Amino acid sequence: MANENVPAFVAESRLTPMVRRRLFALITIVLVASSLFLSWQSLTLFESSLTPELNKKAEVIGLSAVGDVERAVGLGIPFAELNGVGPYLSEIGKTYPEIEYVAVTDVAGKLLYSSSELSAQTMAFFKTSAALDIMSGPASGRSLEIAAAHNLALPLKNDGKAIGLLHVGIDKQFVQRQLNDIFFDLVIILIVGLLVAIEITLVLVTFYVTAPLERLDRVLALYTRGNFSQILVHKSHDAVGSVAGFLEECARKLNERYERVAASVRAAGGAPAARLEDIRSRYGLGKLSKYFEGSIVDARIPLFIFSFAEELQKSFLPLFVKEVYEPVPYLTEEVAIGLPIAFFMGIIALATPFAGGWADKYGSRRIFVIGLIPAVAGYIGCAAATTIYELVAWRSATALGYAMITISCQGYIAAIVTRENRAKGMAVFVGVLMSASMCGTAIGGILADRIGYRLVFVLAAVFALVAGAIAYRMLVADGDTIVTKTKQKGGVFRKLGAVFANMRFVAIVFLAAIPAKIILTGFLYFIVPLYLFSLGSSTAETGRIMMIYPVIVIALGPAASWAADRLGNMMWMLVVGCFASGMGLVFFNDWASVWGVVLMVIVMGSAHAFTKAPQIAFVMEVCEADMEKVGRTTVLGLLRTMERIGSVLGPIIAATLVGIFGYEQAIMYMGLIISGSAVLFLVVFVLTARGSADGPAEGKSGG
Amino acid sequence: MATGKPGPFHIYMAVWRGCEDACKGFQDYFRDNKIPATFTVRDAGRDKAKLAGFVQEARGLEADLVVTWGTSVTRIMLGPWDKPDPAKHVTKIPAVFMIVADPIGAKVVRDYESSGRANVTGTRNRAPTAVQFKALQSYKTFKRLGLIYNTNELNARLNAAQVRKTAGEMGLDLIEVKLPLGEDGKPSPDAIEAAVKEVADKKAEFLYMGSSSFLTKFRKPFTDAAIKYKLPVAAGTEVPVTKAGALMAIASRYYNVGQLAADQARRVLVDKVAPEKIRIQRLRRFSFIINMETAHKLKLYPPMEILRYAEVIKAGPTQ
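The listed protein sequences derive, respectively, from chains G and E. Reminder that position 568 of the first sequence reads as 568 in my numbering, one-by-one numbering, no gaps. Reminder that position 286 of the second sequence reads as 286 in my numbering, one-by-one numbering, no gaps.
Same shape as in the complex, but just chain G (with noise of 0.2 Å):
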């Protein structure tokens, strides 16, 4: 999953910074200036047309209560003395959320019934002429401000004979609340759009202007050289294609002029035959191949929609699995609700080691487009579910595919960026799937506001066939990026079996890195929508909660290297950033609002920020010896092997506390444990450093 906190956009070459700057810089203010003038522009459409439509909601809800009260007066029940008015018309205030009071007076505005309490000031107000004249007056005029609300006010007639007024009171904030909602997904559709914009353009031009280019200069760098060992293969029709193929003609037809005097040299023999040996050698003559270099950006963009997809169901999939929920045996309600979110984690666990290897074998767009089979399977089987477990089923299926695809983009990458810019690379990576998963919840929240659930995820199958349709044209052929394994040597298990021996590796593992990934499943992916639902937030609200996390992820990320760079000592950082992630649900359970959840999501973004890094390079640093083994690649598939153990346990942990303690008890007793693990991390630590005085580990810098 998306969890890593390297800047999204890295650089790929010399050419490309100083065009995408620019492009940056031009696309934000162009984007930001056209979507405030629209926001502004639909904003006030939207108060503009909003407040009639409102008007005339209550005008329908009170004109049908007027309806059964003159129906009641008909059949000659005293007007004073109507039974059961004030329940009813409560129970229409209850019904509509924007309904501050219904009330009904008589003629001379004395309240008789209401649906409740009503200030002075408004009871006042039913007794004035104002009021009192709409019984008489024209339709147009019923609508009037008064302090506590909109008042609408509506004849009450028997027999012709006005007997009195029902007002409905229409409350002032509505408007209000129904605007900041609306202004709210217009900032994220803000932020995604200018996400999404630059990604694309960011791509596209890497894609057809400046990888071009720089494979131009490479060449050219290459000839300058004097070596015409290869040419540039460049097929569109524009200024470098023609350079290309004016560059190709040139070193063919050197290489055939080589050849026919080659032919005559070798003839003769002797000594200009070793002479021409040495022109050949050279040159790079004689034999042309074609010079040809993926890139990373190749894999952006299909990656970049397929985790949007994947991301879309993010903020309301335990809602829907709720919405399905059949008693399964054996297990709760909260556990079979965090059912589909294990099985996914744990599919994902099982099956990316495998994919890996299918990726090695058969290319990765082989497998990216194979992934896309049961990934769109699920998400229509999701979208057609009515049962717990046809879900888990369905999304299972999908995180075959979801493995699949992701480790192929993984492999492409790695397959194509040199081995010093291997890191760069998997920075990329992640910071693609991170800004997909930003940009994914919280469009996903929105979306499944307007359309619902099902409809989402049909979409998600939409936009997953978009990523491999991409994927298909952008990526390079599967020889390319296949790769011949080197045989794994033997007692690769005994050897893994030494790591496991190292105590601070697994204490690492169990006290750091499993935990946080219960924290960012138990809790992020599976409580929060479920808690936010419960204190009344629509899932565009619970989209913009949980785009939080990947937001600040992504924010401190920069700020969090800096840190690891200055203070250097690992361990600390780990364990305060685990504590403090875990105090966060500590702190904040019992503010049962949602200021209270964005508090904790806040602090356990910041946290994960800053201990993801150090993770990573703290069990390098614990791990020196072993990794000198079995190979730091090894050590590290391991860890993230490990980790996932986490990810697949936090839904049952978190279903199971919420079962029993309710929500918020629920979220206290997460945040123990996880800032329990890290007190137990630092004791493990500490005795393990006393054990052998002379350990790597011990404040030493990381160097």
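Read the hints as simulated data drawn from the structure, not as lab findings. None of the values given here were measured: they were computed from a predicted structure. Idealized CB from N, CA, C, for every residue including glycine. Please note that the accuracy of each hint is not assured.
Said to hold, decoys possible - Within a straight-line C-alpha distance of at most 30 Å, the following computed BS3-like cross-link-like pairs (lysine-lysine) qualify:
| id | chain 1 | residue 1 | chain 2 | residue 2 |
| --- | --- | --- | --- | --- |
| 1 | E | K297 | G | K157 |
| 2 | E | K202 | G | K157 |
| 3 | E | K186 | E | K83 |
| 4 | E | K228 | E | K277 |
| 5 | E | K140 | G | K110 |
| 6 | G | K110 | E | K299 |
| 7 | E | K92 | E | K134 |
| 8 | G | K361 | G | K287 |
| 9 | E | K299 | E | K217 |
| 10 | E | K143 | E | K83 |
| 11 | E | K143 | E | K107 |
| 12 | G | K161 | E | K143 |
| 13 | E | K197 | G | K161 |
| 14 | E | K217 | E | K107 |
| 15 | G | K94 | E | K140 |
| 16 | G | K110 | E | K297 |
| 17 | E | K297 | G | K161 |
Said to hold, decoys possible - Incomplete in silico selection of chain E near chain G, CB under 7 Å:
| id | residue |
| --- | --- |
| 18 | M292 |
| 19 | E305 |
| 20 | V312 |
Fit chain E to the known structure of chain G by using the hints.
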């Protein structure tokens, strides 16, 4: 609709007091669904003596189906489920009964899954007692419920037992008054007012009128006495509300019951389902029927919520 026997069906309907709503609902169903049928309607006019002749007549006419209306007609013409007499009862011709409040208590059927007889099925029309009492609570919350019944009718005794049970479950105080029986073993209409007064004196808030042929017959003096002592009467069937001064009833409308019975008849005649295999059904929805004239007299007006879906009769200001 008609897929089985082509010709028009001949349906013999035995009714107790004219072809009222259930009888009409039954016939309308066949008309509305275009099932060809001819009806022979025989009215007993509240005379049990006529019923034996009806059985013979139905046999002689070779009717395709017999419909019986009310507990008395049904019991006498169809006989008890466990030992029907082929000489006196309808045992061959398929029969559908309706407007029988408690068919198990009246021994017309074995249970609600099946009548236990090859040729019999039918409908019941009483809302469950708990449903009725909850509806009463929504009209006006109360604690003390009055019940008057006569002990010489099986129906009335069974119903009283049911009311006792439900009242206990709902935590209501039940004020039971049994009508005294005369030397002939029957209650006298003259005893009604005293019984109502006794219930009123014991501060009952509602008077429940359950299943009883005797009280149904003397519903007018019964409800008049109740109004005199300011007691609202709640009934389990619509008749005391529509034809006398009971305040309200929570019951299936007879017209709808007739339609339900007709649907069972269709299954027997058209779909060829054995009557034995057809459940003794009742409607799932019940109507809240309110006598507004009585509401005025008692100054006990229905709450707005109930007015929205209740059927109000005798509306308009009184006198």
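Legend entry - Hints the structure fails to honour: 2, 4, 7, 10, 11, 12, 13
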